[in-house]
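Colleague: What follows is each chain in one-letter form.
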Amino acid sequence: MEIAAKKENSKFVDFWKKIFNRSTVYSIFRAILLLGISYIILLPLLSKISGSFMSVRDLYDQTVKWIPRNFTLEHYDMVWRNMKYPVTFKNTFLLTLTVSVLQLASCTVIGYGLARFNFKGKNIIFALIILTLVVPPQMILTPMYLNFRFFDLFGLLPNGGLNLIGTYWPFILTSITGNGLKNGLFIYIMRQFFRGMPLELEEAAYIDGAGLLRTFLYVMLPGAVPALVIVFLFAFVWQWNDYIFITLFMGGSGMFLPQVLELLANNVIQEIVGRTDTAATKLEGDQFTSLINNTGMLLVIAPLLILYTFMQKYFIESVSRSGIVG
Amino acid sequence: MKLSNKFRITVENRKKIGGYLFTLPFVLGFVFLFVYPFMQSVVFSFNRLVLDSNGYTLEFVGLSNYIYALMENTDFVETLTETLLNMLAELPVILGFSLFAAVILNQKFKGRTLARVIFFLPVIYGAGVVLKMEQNDYVTQLMRHSDNLFMFSGDALRSLLSSVRVVPDWMVNYVMDAVENIPTVIRSSGIQILVFLAGLQSISPEVYEAAKVEGATGWESFWLVTFPMISPLIITNTVYTIVDSLTSATNPLVDMIKNATISSRGYGASTAMSTIYFLVIAIILGIVFKLISKYIVYTD
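In the order they appear, the protein sequences are chains A and B. Going by the working numbering, the first residue of the first sequence is number 1, and it counts up by one from there. Going by the working numbering, the first residue of the second sequence is number 327, and it counts up by one from there.
Keep in mind that the hints are not guaranteed to be accurate.
Stated by the list, open to error - Which residues of chain B face chain A? A partial, calculated answer using Cβ under 8 Å:
(1) G344
(2) Q366
(3) V443
(4) I450
(5) P509
(6) A536
(7) L572
(8) T597
(9) S600
(10) I610
(11) L611
(12) I613
(13) L617
Hints listed in this document are in silico derivations from the structure and should not be mistaken for laboratory results. Ideal Cβ placement from N, Cα and C applies to all residues, glycine included.
For reference, chain B alone in the conformation it holds in the complex (with noise of 0.2 Å):
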């Protein structure tokens, strides 16, 4: 007995020492090419940067890269509103596209495994390069080969749903835009369905046949069994996607950060505006978080 209990705490030990170990790579990495780097970024939106052959310099000049981030260029607040409400308007689409999709292909039936391959083809063509150029060229692609893709001209639904008035406008265009950005919507949900699938399908059958003994029709089953277990995983998702959409390389105001680097102001500028950007990420993130947990069920 004895024995155990000491062979236990060296174990104990061991492990904890062991945890150091297998995570000292991140936290040395963390801090020398991610803390550093970002240290100087702040530093550096307080500065003008002169780049010389020994190195570089920096001069003080207070607050004045922001203030020309947010009142003399007008563009960059304007870019940023734009950029948070086009991701606001998406992210309910995608992370409905995208739970919806996951119970889907969660379902047994023909083919199941060659649409799985399909559905996460866009994680893999469109990411970096390609998927930049790849939504300038989209429009051609589709006008080329699809005259007919939706069975209804959008402009003339709009104006048809529009008159009827029994919807408010706003709504009719955001339903139109959603509708819209269908093709844009399916190809970024890819990584977003793959974690939804993951977590459908650790939910036990058990807890199924359990709704259907007592009487629960698939609706029901679906909002009280399927949604509060995978509720945690909306957190994951939502996250992902804000992230992913705030900071990809098709986003005007990632464009407009880096080639501030090489305008007037240089440097300084433009890490101004990331610090700025940054900071409305983290604000959105922790309200979104905030606002989501409540809601969130967590069983284990």
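Excised from the complex, chain A in its bound form (with noise of 0.2 Å):
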């Protein structure tokens, strides 16, 4: 009898003791604090999302918080016309592909000529690569704007200069340069990746006869995918999102995703209004702006979103490969 209970006692102790136990604790805390912070990651997402398929009438209503009562696609369809998303998105799309596809290619290269060459001078462009990074843009907003507005590489160019502005060149020129929107990131980013790789590698194709660049080429480049597929990621990513350059160098004109966008409230609230005096006031609160903006905003990231998820495999896979690491 007694025996029996102390057996009892002990499986029961035992019981607790594998719940309490210190990595279950810790595994039970680490889920919580997982979820915790998706969930501040992700609220503003799917926030946006419901709220796009409810009609004005669930907006103001507070028994109504995620699943819309009245589903409709209007909004969609007003912020599609309003930002001539086709057209746009054309613009944005081959814009961005260019530039992200030549930003690729340049860092990749001075990437890989800071990592595997030794040089005299290498460190001072190391240095001034990261200098480019820490010059806030907007300090030569102005000044940039004039040198492709003027373009004469110094006087080299007869006449006064060309006129770049409202043409891809600025893009263009500062993507094969490097020099375009946080490059200096991209660069060490594929400097850190280069370096990384085993020099043995790079000899056995050098033994072989292989030149320069093709070693670059067919040797090293087929192992730096992982770095590849990060930078990529983050160039098209921001080329995609940005509206100060945009504005600069192509005026604006409003051809681009991220300068409809920005519009988009206004635009939408004035069509509205403009129709009916009715429902003017009505509409033109904050929660139907907010509404407004976010549908759009939907929009504006769903293709990197598609991006995202389709590159998402390489992408945490590269984390671990791509060692980017100071």
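With the hints as a guide, bring the two chains together.
Modeller: Given below as structure tokens:
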């Protein structure tokens, strides 16, 4: 009897010991923490998605939280038309793709040069790359504009220079030279990656008679795919969301997604107010403005989210192998 | 023997030339597209810029743009101080959080890939125009959906803590501000988590095994192995966080400098402000670099 009770008791203790084992407690704590943080990250996105399908009536109904009671697509319709989505999407996509491919190429080449070759002045060049990252882009916006407006390469070109504003050339020129938006960071990532690749691989290629360029293209580059994915994704995302340089170089013509997004709420409300006066006061509320902005934002970031979903596997994997270590 | 020596030399020489060739694009771009505008920006700050159809002319005005920025325009100094204080308050929180998150994401558990996908999501959509609009809108979002996101209301706890008087008020305020800023911090830590995570994964497991054999607890091996090993990354992340915070489009000072171009004093005043701002950033980075590098352990 006593023994059985004791046995029962020790079983009981074991059970609770297992539960309150340090690692179990820690796992639960970690799970709660991860869920909480994920919630904070996902909240604005999910809330935007649910809000974008709500009719105006649901918006002001405090009992409607997540699931729209009166499901509607009219906001998407309004925003889609107002942003001229097909046209602006095409413009933005072409520019972003051009810029990110060029930046990927230039930053890879420059990063490789810094990582695998020894030459005088290497450290100075690296320091200058960091400097370009540290100078706020806003500081050189105006001179940059003037530089491209009267582009003469220190007087090398005649007749007061060319006017490159309104063309893709400012983007192309800054991209092929690794001087574009946050390119310092990309060069840094590529340099760190190439630095970590084994020397034997390179030497074997040289002994086999391959030149510098051949070795770079056919031996080293295929091994750098993880870092290439990261840099491409970053370049694409930052260019896609950029509106400072787009407005500066392309003018305020509003042919790109970030530009139309900024003016969206104003335009939509004007359109509605111009049509029906009765709805005007009701529609000018913050909630409605926020709803229109959010729907627009979803349309702008949707392509990025799709891209991220496709590249996510490589991206997450590549983090472990890219070795962005300073 | 002689042959292979000769071979080495030619390869080394070719590599030297290769180095210059590979980095040439950057040097060209740096000179024509960066240094040139940068120098011009400094020149403009001492001038008044008049645009006309044939280009522009400069009218030398000495230090008056700087005097305007620092003395006459009272907002500038105030906004600058505020921006810097905000950045300094945010910096340790962002660094601490991103290191912490990276350590967790580096552990093995079910759903780790999903957790990583979610944690890096802000990198994808938290940039540029979206981030800017988002920050204006975030409060509305939060109020609508999470009446009880935080278990305690900040103000109540704040007054409770300051009435107890165990800790000084400024400390209470700092911690409470940090707690209230959690969403912002999480959403601006994506890149830093990525950098730390990559660093953590480059530490070989043998080091931890050795520490375990020596009888180190998890806590000890974090502070004695992990922390020193990734300390070089703390500089990388500090510099990145400072630059990111001071040059982001959501920064009020950046807005101010941009808007100054359309003020009566035009480009001159704007470039004077940004030159001052650049110098301040450079000085801060210098100080931070000096302070942190004392504690950095380099293994290679």
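Colleague: Now tell me, hint by hint, if it's right for this structure.
Modeller: The hints, checked one at a time:
1. G344: holds, 4 Å
2. Q366: Interface hint status for Q366/B: holds (4 Å vs cutoff 8 Å).
3. V443: holds, 6 Å
4. I450: holds, 5 Å
5. P509: holds, 5 Å
6. A536: Interface hint status for A536/B: violated (20 Å vs cutoff 8 Å).
7. L572: Cβ of L572/B sits 7 Å from chain A, so the hint holds.
8. T597: Given a least distance of 6 Å, the restraint on T597/B holds.
9. S600: It holds, given that the least Cβ distance between S600/B and chain A is near 4 Å, below 8 Å.
10. I610: violated, 10 Å
11. L611: At about 6 Å, which falls below the 8 Å cut-off, the nearest Cβ of chain A leaves the hint on L611/B intact, so it holds.
12. I613: violated, 14 Å
13. L617: violated, 17 Å
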